[in-house]
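**Student:** Build out the structure end to end from the sequences listed, making use of the hints.
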Amino acid sequence: MLPTYQRVGGSSSSTANPLLGRRSFRSREKCLILLVLSTFGFVCLGGFFFLPDNFSADRVLKAYKQFQRAGPEIFIPPPPPAAHGRDEDIHRLDDREKLQEKIRKELPDEFLEKPDVDVGAGAGGAVIVPIGQHPPDEDIPLGGGGAGKGGGPARQATEGPAGVVQPPHSAGDEKEEGGEDEEAAGGGQEQEQQAQEPARSGQQPVSQRGSNQHPLTYNSTVGEDPDPAVREKRNKVKEMMVHAWSNYKLYAWGKNELRPLSKRGHSNSIFGSYDLGATIVDGLDTLYLMGLHREFDEARDWVERKFTLENVDADLSVFETNIRFIGGFLTCYALTGDRLFLEKARYVADKLLPAFQTPTGIPYALINVRNGMSKNYGWASGGSSILSEFGTLHLEFAYLSDITGDAVYRDRVQTIRSVLKDIEKPKGLYPNYLNPKTGKWGQQHMSLGALGDSFYEYLLKAWIQSGHEDEEAREMYDEAMQAIIQHMIRSSPSGLMYVSDMKFERLEHKMDHLACFAGGLFGLGGTSLNNQYSERYMEIGEGLTNTCHESYIRTYTRLGPESFRFNDGVEAKALKAQEKYYILRPETFESYFIMWRLTHDQKYRDWGWDAIQALEKHCRTPTGYTGLKNVYLTEPVKDDVQQSFFLAETLKYLYLLFSDDSLLPLDDWVFNTEAHPLPVKDRNPLYRQAPASSAP
Numbered sequence: 015m016l017p018t019y020q021r022v023g024g025s026s027s028s029t030a031n032p033l034l035g036r037r038s039f040r041s042r043e044k045c046l047i048l049l050v051l052s053t054f055g056f057v058c059l060g061g062f063f064f065l066p067d068n069f070s071a072d073r074v075l076k077a078y079k080q081f082q083r084a085g086p087e088i089f090i091p092p093p094p095p096a097a098h099g100r101d102e103d104i105h106r107l108d109d110r111e112k113l114q115e116k117i118r119k120e121l122p123d124e125f126l127e128k129p130d131v132d133v134g135a136g137a138g139g140a141v142i143v144p145i146g147q148h149p150p151d152e153d154i155p156l157g158g159g160g161a162g163k164g165g166g167p168a169r170q171a172t173e174g175p176a177g178v179v180q181p182p183h184s185a186g187d188e189k190e191e192g193g194e195d196e197e198a199a200g201g202g203q204e205q206e207q208q209a210q211e212p213a214r215s216g217q218q219p220v221s222q223r224g225s226n227q228h229p230l231t232y233n234s235t236v237g238e239d240p241d242p243a244v245r246e247k248r249n250k251v252k253e254m255m256v257h258a259w260s261n262y263k264l265y266a267w268g269k270n271e272l273r274p275l276s277k278r279g280h281s282n283s284i285f286g287s288y289d290l291g292a293t294i295v296d297g298l299d300t301l302y303l304m305g306l307h308r309e310f311d312e313a314r315d316w317v318e319r320k321f322t323l324e325n326v327d328a329d330l331s332v333f334e335t336n337i338r339f340i341g342g343f344l345t346c347y348a349l350t351g352d353r354l355f356l357e358k359a360r361y362v363a364d365k366l367l368p369a370f371q372t373p374t375g376i377p378y379a380l381i382n383v384r385n386g387m388s389k390n391y392g393w394a395s396g397g398s399s400i401l402s403e404f405g406t407l408h409l410e411f412a413y414l415s416d417i418t419g420d421a422v423y424r425d426r427v428q429t430i431r432s433v434l435k436d437i438e439k440p441k442g443l444y445p446n447y448l449n450p451k452t453g454k455w456g457q458q459h460m461s462l463g464a465l466g467d468s469f470y471e472y473l474l475k476a477w478i479q480s481g482h483e484d485e486e487a488r489e490m491y492d493e494a495m496q497a498i499i500q501h502m503i504r505s506s507p508s509g510l511m512y513v514s515d516m517k518f519e520r521l522e523h524k525m526d527h528l529a530c531f532a533g534g535l536f537g538l539g540g541t542s543l544n545n546q547y548s549e550r551y552m553e554i555g556e557g558l559t560n561t562c563h564e565s566y567i568r569t570y571t572r573l574g575p576e577s578f579r580f581n582d583g584v585e586a587k588a589l590k591a592q593e594k595y596y597i598l599r600p601e602t603f604e605s606y607f608i609m610w611r612l613t614h615d616q617k618y619r620d621w622g623w624d625a626i627q628a629l630e631k632h633c634r635t636p637t638g639y640t641g642l643k644n645v646y647l648t649e650p651v652k653d654d655v656q657q658s659f660f661l662a663e664t665l666k667y668l669y670l671l672f673s674d675d676s677l678l679p680l681d682d683w684v685f686n687t688e689a690h691p692l693p694v695k696d697r698n699p700l701y702r703q704a705p706a707s708s709a710p
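15 is the number of the first residue of the sequence shown in my numbering; add one for each residue after it.
Keep in mind the hints are simulated off the structure, nothing from the lab.
Just so it is clear, CB atoms sit at the ideal spot from N, CA and C, and this is done for glycine as well.
Check each hint, because a few of them may be wrong.
Each computed DSS-like pair below joins lysine-lysine, with the alpha-carbon atoms no more than 30 angstroms apart [to be verified]: (1) 517 to 617; (2) 517 to 631; (3) 439 to 517; (4) 439 to 451; (5) 631 to 695; (6) 441 to 454; (7) 643 to 269; (8) 590 to 517; (9) 439 to 389; (10) 454 to 439; (11) 269 to 631; (12) 277 to 320.
Quick list of the computed label-pair ranges, beta carbon to beta carbon [said to hold, decoys possible]: (13) 648 to 373: 26 to 36 angstroms; (14) 582 to 327: 44 to 54 angstroms; (15) 570 to 620: 15 to 25 angstroms; (16) 548 to 590: 58 to 68 angstroms; (17) 392 to 486: 29 to 39 angstroms; (18) 441 to 548: 40 to 50 angstroms.
**Tutor:** Structure (structure tokens):
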């Protein structure tokens, strides 16, 4: 018999059923419930600590805005599962034709325009058929008219401003003999289509030496090395360019850059969210130098019809816009004599001029080209401008003044030069930050890498570009290099030479990938003028280039990290996560190329070929090239961005590394910091200096 308090029908109503009568939980139950709630709260709230580093309060808003910008593309349904015979279904083909006809009728033409891209089905994605090179007997000169090969009429020049020298162009009825794209990472000579291309008619470029035509013609054979093995490697680089360019055309035409894995365009904060065709402008001269004339023509047509800054309501980087757009246009003008590129360069430069309206003449870093409002980055020390940005305008602006006859551009950069020459420099070094209002240095941080790098580059190259007349630039270069050698160049215990950063008179034993250009910089400084510093400059150039090569071969991928350190027993190795990525950067290959030209030491070509194989193995995808997030992993995650400078710099320097010295000789050309070659005054007839009276 159960006790009274456990009976279901007991006489005491208050204790008849504990489940009904009890008003509170026992202590053990309370503890259990509290434990469950605490665990749930910890999981929910603690999860925020494990979100990505770039998570912020406005993350959702940013995602929503990007969702809006993506437009209707977001809502395109996923492709249907593969099924045998679906593409041959007559009903399905008929429906597709009707839909395409409806789209053509309802949408404006400008939404449908896109260059032709030859693609075929292949495992893993589109297989790009490389565009044919021009046979030697069909070379296309820089200018001139006449009948096409076989007596046919030449294609008429595209309408344009008076005096335009039209670039080479494919014939409208061009017949191509197919060739398959060899995509093997080991290289190999691509099979090429043969094309007949008559020369365009147009005005001949007139040099300042009285010649009416420059004899150099850029095609698939110009600058070839006599060694067949070297030619094969150069052809591999050209095939890489075709692969990168063709996929950009296919998936991101007119956008700034390509996301090869996502198969869509990419815009970053440098140019806002506007489609300025950065890859098109950056890659123009590389296409031309490689003899890819049909692709060059497509790019030129886009520049003529589509490129504009009129509706760009965003803050653009003065520095990036200068080196990529102005530099790219100026190079194309020098190579072709086509005044379209000169007009575009001047148009962009005029848009940047309001940024120079400061008490000191030091320009702001950012400008809204729609309203002319300028400012500096919020993170820059005390509202300062950045040395590597305002100090990397001289080549383009000085050249633009010389070929237009308008002194305004040279005046702007000469003002910057005067400020930097007269200002007091701690230990002879230039800090990375300078306030444009007060003319005083900001944070005492000196670097030959990020924030400082290209300023020093332009001191030497301004002297070279001037035909060695700008003695002030050479003097400032030598003084700066002597200070850097004394205070910032160091060697590791094993003998690796590196250039460290200096912060508040203390060295940070870290070298940026961006600083790997310095090997070539010191090499050029040592050979361009025979003075008391020449031997030491060459020694440092070789040492720094070797160290950057070591940073490459000490990773699993054999591609270099963003920065690498020399401390705690570590040499030429990245330690932090944000230092381990590789974004297709060119600086190491730039030094390989320059040091090869200066020394003809075979190791530089060997190192370059090793890097090409690494790029093919780890960065190539069926739809373009992508950077890596950790070069030390066997299977690194890809960052899904094909940078515009990969086409402008990385591939150009590798192509030149395996070319003969006659292609862009260093005595006649000087490269801007985006690898756009500019002619040397009084040495190169393509400089085309305007008469003094031509200024408006």
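**Student:** All the hints need checking, so say for each whether the structure fits it.
**Tutor:** Hints and how they fare:
At roughly 35 angstroms between alpha-carbon atoms, residue 517 and residue 617 are farther apart than 30 angstroms, so this suggested pair is violated. For the hint linking residue 517 to residue 631, the alpha-carbon distance of about 38 angstroms lies beyond 30 angstroms, and the restraint is violated. Distance hint between residue 439 and residue 517 is fulfilled; the C-alpha atoms sit about 14 angstroms from each other, no more than 30 angstroms. Proposed proximity of residue 439 and residue 451 is supported: the alpha carbons are some 18 angstroms apart, at most 30 angstroms.
Straight-line distance between C-alpha atoms of residue 631 and residue 695 comes to about 42 angstroms, which puts the hinted pair past the 30 angstroms bound. Between residue 441 and residue 454 the alpha-carbon distance is near 16 angstroms, which keeps this suggested pair within the 30 angstroms criterion. Among the hinted pairs, residue 643 with residue 269 is consistent with the structure: their alpha-carbon atoms are about 23 angstroms apart, no more than 30 angstroms. At most 30 angstroms may separate the alpha-carbon atoms for a hinted pair to count; residue 590 and residue 517 meet this at roughly 19 angstroms.
Our distance criterion of 30 angstroms between C-alpha atoms is met by residue 439 and residue 389, whose separation comes to about 25 angstroms. At roughly 10 angstroms between alpha-carbon atoms, residue 454 and residue 439 fall within 30 angstroms of each other, so this suggested pair holds. With a C-alpha separation of about 26 angstroms, the suggested pairing of residue 269 with residue 631 holds against the 30 angstroms cut-off. Between residue 277 and residue 320 the CA atoms are separated by roughly 22 angstroms; this keeps the pair inside 30 angstroms, and the hint holds.
A beta carbon spacing of about 55 angstroms between residue 648 and residue 373 contradicts the range 26 to 36 angstroms that was offered as a hint. For the pair residue 582 and residue 327, the supplied restraint of 44 to 54 angstroms holds, since their beta-carbon distance comes to about 49 angstroms. Between residue 570 and residue 620 the beta carbon distance is about 20 angstroms. The supplied range of 15 to 25 angstroms therefore holds. A beta carbon spacing of about 37 angstroms between residue 548 and residue 590 contradicts the range 58 to 68 angstroms that was offered as a hint.
Taking the beta carbon of each, residue 392 and residue 486 are about 34 angstroms apart, inside 29 to 39 angstroms as hinted. Between residue 441 and residue 548 the beta carbons are some 23 angstroms apart, a value that contradicts the proposed interval 40 to 50 angstroms.
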